[in-house]
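Q: Guided by the hints, dock chains B, C and D onto chain A, whose structure is given.
Listed below are the residues making up each chain.
There are 4 protein chains.
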Amino acid sequence: MGDVGRVPVGIIGASGYGGVQLVRLLIDHPGVELVYLGGESSAGKAFGELYPHLNHRVDLIIEPIDLDQIAARCQVVFLSLPNGLACQMAPALLEKGCKVLDLSADYRFSNLETYENWYGKTRSDQAIAETAVYGLPELYRDRIAEAQLVGCPGCYPTASLLALSPLLKQGLIVPETAVIDAKSGTSGGGRQAKTNLLLAEADNSFAAYGVARHRHTPEIEQVCSDLAGHEVLVQFTPHLIPMVRGILSTVYATLRDPGLVREDLLTIYMAFYRSSPWVKILPSGVYPQTKWATGTNLCYIGVEVDPRTDRIIVMSAIDNLMKGQAGQAIQCLNLMMGWNETLGLPQLSFYP
Amino acid sequence: MGDVGRVPVGIIGASGYGGVQLVRLLIDHPGVELVYLGGESSAGKAFGELYPHLNHRVDLIIEPIDLDQIAARCQVVFLSLPNGLACQMAPALLEKGCKVLDLSADYRFSNLETYENWYGKTRSDQAIAETAVYGLPELYRDRIAEAQLVGCPGCYPTASLLALSPLLKQGLIVPETAVIDAKSGTSGGGRQAKTNLLLAEADNSFAAYGVARHRHTPEIEQVCSDLAGHEVLVQFTPHLIPMVRGILSTVYATLRDPGLVREDLLTIYMAFYRSSPWVKILPSGVYPQTKWATGTNLCYIGVEVDPRTDRIIVMSAIDNLMKGQAGQAIQCLNLMMGWNETLGLPQLSFYP
Amino acid sequence: MGDVGRVPVGIIGASGYGGVQLVRLLIDHPGVELVYLGGESSAGKAFGELYPHLNHRVDLIIEPIDLDQIAARCQVVFLSLPNGLACQMAPALLEKGCKVLDLSADYRFSNLETYENWYGKTRSDQAIAETAVYGLPELYRDRIAEAQLVGCPGCYPTASLLALSPLLKQGLIVPETAVIDAKSGTSGGGRQAKTNLLLAEADNSFAAYGVARHRHTPEIEQVCSDLAGHEVLVQFTPHLIPMVRGILSTVYATLRDPGLVREDLLTIYMAFYRSSPWVKILPSGVYPQTKWATGTNLCYIGVEVDPRTDRIIVMSAIDNLMKGQAGQAIQCLNLMMGWNETLGLPQLSFYP
Amino acid sequence: MGDVGRVPVGIIGASGYGGVQLVRLLIDHPGVELVYLGGESSAGKAFGELYPHLNHRVDLIIEPIDLDQIAARCQVVFLSLPNGLACQMAPALLEKGCKVLDLSADYRFSNLETYENWYGKTRSDQAIAETAVYGLPELYRDRIAEAQLVGCPGCYPTASLLALSPLLKQGLIVPETAVIDAKSGTSGGGRQAKTNLLLAEADNSFAAYGVARHRHTPEIEQVCSDLAGHEVLVQFTPHLIPMVRGILSTVYATLRDPGLVREDLLTIYMAFYRSSPWVKILPSGVYPQTKWATGTNLCYIGVEVDPRTDRIIVMSAIDNLMKGQAGQAIQCLNLMMGWNETLGLPQLSFYP
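These protein sequence lines are chains A, B, C and D, in that order. Numbering of the first sequence is given in our numbering, commencing with residue 1 and proceeding in unit increments. Numbering of the second sequence is given in our numbering, commencing with residue 1 and proceeding in unit increments. Numbering of the third sequence is given in our numbering, commencing with residue 1 and proceeding in unit increments. Numbering of the fourth sequence is given in our numbering, commencing with residue 1 and proceeding in unit increments.
Incorrect hints may have been included.
[Stated by the list, open to error] Some but not every residue of chain C turned toward chain B, in silico, with C-beta under 7 Å:
#1 R24
#2 P52
#3 G295
#4 L348
[Unchecked claim] Here are the simulated lysine-lysine pairs, DSSO-like style, with alpha carbons at most 27 Å apart:
#5 B:K121 - B:K194
#6 D:K194 - B:K45
#7 B:K96 - B:K121
#8 C:K194 - A:K194
FYI, nobody ran anything at the bench for these hints, they're computed from the structure. Remember, predicted model here, so these are calculated numbers, not experimental data. Heads up, the beta-carbon is just placed ideally off N, CA and C, and yes, glycines get one too.
Chain A with its partners taken away, still in its complex shape (with noise of 0.2 Å):
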């Protein structure tokens, strides 16, 4: 039944992006045992059938969902499944004893008004979303090691909070000027097959979508305000690039303090995440590429001032689908499970 001392964990909604980067992560990693995969239109079928060039390292098949069996057999679950679906069986694995790690938006917010808003769904299950902890742990380490239920981030809030949180919690920004856009790769939409993310139609081409308007907003506001101590507003501008991975999010704001020059600003920037293995702070002059942290949990960040403007001009660049999706999840399954934080998490992108 497994290696001793490994946890058993399980995937539901193992076929789509975040789907297939937790199996090729959980795999590898030394502390989990994978022992299973489930998802509805593609149950029955064998994982290394869908993904080829899996198939020498993943035997597991595609099994229906049923969240008793899930239970008996995993330790830890993660959900990565269309929104409005992780509510309605977070709950089931957690009362029956499992640790949940849900993908989708469903546990993101602690004010569930906010949610209902911005995805136009009713919910019903406050008292449980309340348990969730927002799974960014430069910010909530200790909570997420203490957590049974996380509320993984979105792939633009994690590149936008990571570029902004120091500035919010030192107070060097006039919150309400914060703009902030964001450029992410197609990938980003997922494995569904939509017209506008073909690439005849994307390719050699780039747009905004969503200006005014994205649902990442309310999460960007929510841990803005939580660290300013009073309700922030931002501008958030999504973008698509075309290409498959990657975010690369160029954060505006203006300074409190005009007297600040780069080098003070990296001096905080590299106090704030000392402790923070995953966020590298590029030396003074040097911008991120989102290519740097192609394939690994990585964001980098580049800080800029402009003496003429006052402001200062962040640039954070993270693969969306790992430190924005699946690898930051499994960042919180290792606090969760009291190991290393980079336990399994790949480090080195590979260039070009």
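A: Just chains B, C and D now, with coordinates in the frame of chain A:
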């Protein structure tokens, strides 16, 4: 010696991307005859050897640069050279009666001090520079029509200024809140073999560059200040998109009057560009794709208002080598010759 | 009811990639007036809503498909539909006097048995199918000029046959040694949302498909056999390139006469295509880039001989949506109407 | 001086793509300690300055090339240099007792005349060259294990030979019918700034190059001849794919025995590669995607038979910088040191 009634034109610097666009457009332009191509390093070569796909239509040889000869043969000369060279050639050509369109930065600034500060070159031709007209027809149509010397705008300034102009002209925004987050395909870097522009480096990656110090900043500010009637500083950040052509400029600014809604602003934009055939204001809720502009001289503009933050977000898309460079130069030529502004310029992008 | 003297034309199936190419080309074609766009799922929508970048030039509404109406309004009808539909519509349109150009596979085969075997559909219109002319003007120019019904070639067959025809016609190769290794951009898959055509799947990957069983095989063989004067089987393998447009066909065959050198063959190719304005034979040692053909109706051909193996290697490059689809259909239209073959078709790719 | 028991290794030519792959892989390799990086033009620079994304793990400075010093500090030396340099350094290193793995073409040929003919350089080290083993472990595993000098294969030969070897070894095909149509991402061209490898040039285009004269031809032929037991000439054509990494080789050959079906051949391939952990034979009807191999040392092989033409079509996919270069060199190192062939090499591509 050529078609009767066609204006003889020449291009100095024909081998780069600016040059090859000009050649392609001018050989099909009904008003001109392309009689001269000049270059230093490629002198003596057939143009069709450099660009075999144009060989069946262009039989010109690239000639050495002899200004006397050029002036004798050409009524109009395009200069498509690195910064700092046009200002050494334009005076002689102008004196001999040629009309000159410069695609470099040399004649974009009314105050040469700005040029000297940002481009690190000294200039002693303030008198001639003052006669140059900034070649953005949507703003300076009448002056271009009268000009003998036109300094064609940079690619980023073109996209950014077309997005910002109606707002500044009408006093609708707080100018110092303007943030311009711009993204360009890599052809903007020209046909020089730079390591960072290799496909192996640039593909599937995304990054900012020149943050808070890109040379297009003062060019944008010069026109913004002109429109606003007082000095305006902007925040301008360029990024490199892993694709060949296209610029998307996402412009943020705080509205003076929070009561304005999207439809109000679309009306204002449509009125502002009523006589501008190359600017298309998109319907409410539609945002521009750079691909729509590819290969054409068009600029597509989409407008959004965020009632939560009282900001306007304007997105403008152009082809950086067309409206952002060679196409706009020909649009200026059309005005200088008294022709219809659209003559000889493509209006329909292919898709996909 | 339209420009005097312009031929009224319609398109059934206007919303896909074939349709949008036809629309773009026909609205600028000096000989025709585009009066009708038809579709099922998109009926009632403005064409400019589907393709906002064409909105400023096309104000047609997509209409339901009513063959009587269409025939009453159109002299020429393009059918741009999935396989199996054209053969249900063409007979009625022909009977009412329309000229019909079909972009599907329905009218490409003189022997419907071949169609039935490879396409898995039964057909009962052999009589009409026999009146159809295969729309490859470089081979069947005269017959197309007389045709009322043209079956436009597939994209791969177009590239492959233009590469092979001079060799087969002159008996220069051993036909059964012909290997056609073809590569296409993903727009060849159409505007349908298929998972494997997503940018996230197809970008930065390359693979073959349909090996030894692609439906374009019998189409290539039909023409090869016609040229050779006896039945010819070819090896045809298509691949998907991570890019939007373009086909490169690399064709290998053993020369009957090992004494032939590259220059001999270039002479033969140039003679064969002397009257074909859309085929360009490249100079000795130059091989075609698909980019040179992008957006044009051109086919670029490069020829190499390997004296070590006595093989000829011919490379042909086309834009799969132009010479490989909509452009070629319009080239056929030009012939059918007695116009110049090049009328209304782009000759110059932009570059880069 | 390093971890007890780890083998000290160095890299001469660390700054190119081969070098950066080696660095990334070797710093995580459990059997070695990377103690030296050498280069000419980049000497004195921190490696982490060239590749900022590796800065957090690599603190080595690139040093000048002093062979005495290198030999004193390193037990194994990788040479990742342009052709013609390794043969000037390897002899001294070998004499001082180092094991040497050369990634250039210098030691790939047992007969230096072939090298001299195809590479245009004269050589006088035939004696040493004869001691070199061709570093394709799937064919020469035992000899590599005994070698002091390994000439690592080119990227195209690796993919092509793994596809062809079982056929030639078993005498299943007519050797002179072999056509190898190979396609590579542009990283194969290295990190040199060549115009044709710019993203603006290479993206969205596809072309062949080096037709009938590419230098990898004699390398492929040398091994094919070795396997067949007599001289074999092959037709080899490389193409450039608009993507970063990956080679797909499509190999055609006529079967001697037309009765063989796909399943027979799959069985033969699986038997041939039974002891080769890095070659994966795909299930019947599945063809390799280069993306499946990206970042790994794997070679995926798919086999098809065309009963109409009696040809076999074999497709092999590798990552040109891994199995095609640095990964394979480390696989050879593992064999030379008596370690498991898979030690320290990635087995799982991320996807997408």
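Q: Going back to the hint list, which numbers does this structure go against?
A: none
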